[in-house]
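Student: All residue numbers for the sequence shown refer to this note's numbering, where the first residue is 240 and numbers rise by one.
If you are wondering where the hints come from, they were derived from the structure by calculation, not from laboratory data.
All C-beta atoms, glycine included, are put in the ideal place defined by N, C-alpha and C.
Hints may contain errors.
In the SDA-like style, the derived pairs of lysine to any residue whose C-alpha atoms are separated by at most 25 Å in a straight line are [to be verified]: (1) Lys349 x Val321; (2) Lys356 x Gly317; (3) Lys318 x Thr291; (4) Lys269 x Ser252; (5) Lys337 x Gln355; (6) Lys285 x Leu357; (7) Lys285 x His295; (8) Lys337 x Ser307; (9) Lys250 x Lys339; (10) Lys349 x Val327; (11) Lys285 x Arg249; (12) Lys339 x Arg283; (13) Lys250 x Glu287.
Computed spacing ranges between beta-carbons, pair by pair [as the list claims (entries may be wrong)]: (14) Glu300 x Trp342: 14 to 24 Å; (15) Glu297 x Phe268: 34 to 44 Å; (16) Val323 x Asn358: 12 to 22 Å; (17) Lys339 x Lys318: 11 to 21 Å.
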Amino acid sequence: MNSLTCPRCRKNSYSSYEASFLVCPYCGFKFSKKYGAEKRLDERTKQEIPFTFVYHEENFEASTLDVSEKGLSVEIFGKPPVTVSDIVGFSIRDNQIKAKVRWIVKLQYKSRMGLQKLN
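Put together the whole structure using the sequences plus the hints.
Tutor: And the structure:
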């Protein structure tokens, strides 16, 4: 359990995961221990939508984690050779998405990516 001190009101709360953005229970400020204040202006909506991520002619099973108007985070099963700043294109349901890779976390059997929508 991680102790979190709110950057706005300076009161303590707790979280089991230091990288997730939480709302301070005292003043409502959104922040994480690892990243500080939330910088996104768009509200993120948790949505898990499965899709196939194709990169350099290789298919990877994937799913969205959350979606906002300007971006999304995805979980990809496997380790595609994607790097930060790459431009990727894929289809979710009937939507064609072109996005820039902003961050990547490679785990043992999967990867997570933050994507900024370009279209």
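Student: What are the numbers of the hints the structure violates, in ascending order?
Tutor: 7, 9, 11 and 13
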